[in-house]
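S.K.: For the record, the sequence lines run as chains A and P.
1 is the number of the first residue of the first sequence in the working numbering; add one for each residue after it.
1 is the number of the first residue of the second sequence in the working numbering; add one for each residue after it.
Hints are supplied without guarantee of correctness; some may be wrong.
[Unchecked claim] Residues from chain A that face chain P, not an exhaustive set, calculated with beta carbons under 10 Å:
no., residue
1, Ile12
2, Gly43
3, Gly105
[Claimed, not checked] Derived contacts from chain A toward chain P, CB cut-off under 7 Å, selection only:
no., residue
4, Pro44
5, Phe52
6, Asn55
[Stated by the list, open to error] The following residues of chain A were derived to be distant from chain P, with all beta-carbon distances above 10 Å:
no., residue
7, Glu15
8, Asn18
9, Thr26
10, Gly60
11, Asp67
12, Thr78
Hints are computed from structural coordinates only; laboratory data are not their basis.
No residue lacks a Cβ here, since even glycine has one placed at the ideal position from N, Cα and C.
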Amino acid sequence: KNQVEQSPQSLIILEGKNCTLQCNYTVSPFSNLRWYKQDTGRGPVSLTIMTFSENTKSNGRYTATLDADTKQSSLHITASQLSDSASYICVVSASANEKLTFGTGTRLTIIP
Amino acid sequence: ETGVTQSPTHLIKTRGQQVTLRCSSQSGHNTVSWYQQALGQGPQFIFQYYREEENGRGNFPPRFSGLQFPNYSSELNVNALELDDSALYLCASNSPGINEQYFGPGTRLTVT
Numbered sequence: 001k002n003q004v005e006q007s008p009q010s011l012i013i014l015e016g017k018n019c020t021l022q023c024n025y026t027v028s029p030f031s032n033l034r035w036y037k038q039d040t041g042r043g044p045v046s047l048t049i050m051t052f053s054e055n056t057k058s059n060g061r062y063t064a065t066l067d068a069d070t071k072q073s074s075l076h077i078t079a080s081q082l083s084d085s086a087s088y089i090c091v092v093s094a095s096a097n098e099k100l101t102f103g104t105g106t107r108l109t110i111i112p
Numbered sequence: 001e002t003g004v005t006q007s008p009t010h011l012i013k014t015r016g017q018q019v020t021l022r023c024s025s026q027s028g029h030n031t032v033s034w035y036q037q038a039l040g041q042g043p044q045f046i047f048q049y050y051r052e053e054e055n056g057r058g059n060f061p062p063r064f065s066g067l068q069f070p071n072y073s074s075e076l077n078v079n080a081l082e083l084d085d086s087a088l089y090l091c092a093s094n095s096p097g098i099n100e101q102y103f104g105p106g107t108r109l110t111v112t
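Construct the entire structure; sequences and hints are all you get.
M.R.: Have a look at this one:
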């Protein structure tokens with residue numbers, strides 16, 4: 001069964017600090033891995049997409065890494081801002097037809 | 001903004017009733033997927049439509065049905081509503097072969 005697990009479930013950090021979110025997956029065959037940011041009650045917004053051959057991708061203060069051998073990914077947020085408070089969801093696609101397996105997300109809270 | 005719109009934004013229904021949710025895809029996108037997201041959980045895949053035909057279905061009963069129209073807008077219909085159907089319903093559109101799904105803001109359905 002295809003699964004995506006994320007850790008931690010929730011995280012609270014001070015504004016300006018860095019943090020790293022983790023994602024492990026057992027999706028096969030692997031097509032791509034995405035990180036989404038979801039504000040409460042809103043739709044997810046894509047941060048990064050990585051294919052098998054990519055092991056890092058950045059989008060401003062967000063940097064995602066992918067180890068396809070160990071089936072692990074991380075999302076690193078640098079110099080956090082209050083607006084970073086959201087759920088971060090790891091999503092893995094098993095094929096090119098875009099059927100996605102979602103993790104349950106990490107709830108990140110940035111405090112002043 | 002992703003260019004994907006959903007209506008209504010919020011909806012309250014009574015158990016046993018029927019509901020129709022609507023989604024307008026981003027221009028040029030002929031594939032739409034629907035997801036159910038319970039509070040604190042990741043989105044769960046309901047089904048996908050490609051050029052007006054169902055193109056895959058998740059583990060949801062037949063009372064969840066859909067339509068896609070020639071202009072690629074879409075509907076999700078749920079019959080005989082149950083309390084557990086209370087969730088955020090998301091639609092996402094993409095063009096085949098492009099590794100990107102664009103999510104709408106969602107419809108919050110509450111069943112009482």
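S.K.: Against each hint, give a clear statement of whether it holds in the structure.
M.R.: Hints and how they fare:
Evaluation of the Ile12 (chain A) hint against chain P yields a violated restraint, the C-beta minimum of about 16 Å exceeding 10 Å. Hint on Gly43 (chain A) holds. Least Cβ distance to chain P is approximately 4 Å, under the 10 Å limit. Hint status for Gly105 (chain A): holds, given a least beta-carbon distance of 6 Å to chain P, under 10 Å. Because the closest C-beta pair between Pro44 (chain A) and chain P is about 5 Å apart, less than 7 Å, the hint holds.
The interface hint given for Phe52 (chain A) is violated, since its Cβ lies 12 Å from the closest Cβ of chain P, which is over the 7 Å cut-off. About 16 Å separates the beta-carbon of Asn55 (chain A) from the nearest beta-carbon of chain P, more than 7 Å, and the hint is not met. The non-interface label for Glu15 (chain A) is consistent with chain P: the shortest C-beta to C-beta separation is roughly 24 Å, beyond 10 Å. Listed as outside the interface, Asn18 (chain A) is consistent with that label: its C-beta sits roughly 24 Å from the nearest C-beta of chain P, beyond the 10 Å cut-off.
Under the 10 Å C-beta cut-off, the non-interface status given to Thr26 (chain A) relative to chain P holds; the minimum distance is some 15 Å. Against chain P, the non-interface label of Gly60 (chain A) holds: every CB pair exceeds 10 Å, the least being about 18 Å. No beta-carbon of chain P is positioned within 10 Å of the beta-carbon of Asp67 (chain A); the least distance is around 19 Å. Under the 10 Å C-beta cut-off, the non-interface status given to Thr78 (chain A) relative to chain P holds; the minimum distance is some 24 Å.
Comparing the model with each earlier hint shows violations of hints 1, 5, 6; every other hint is respected.
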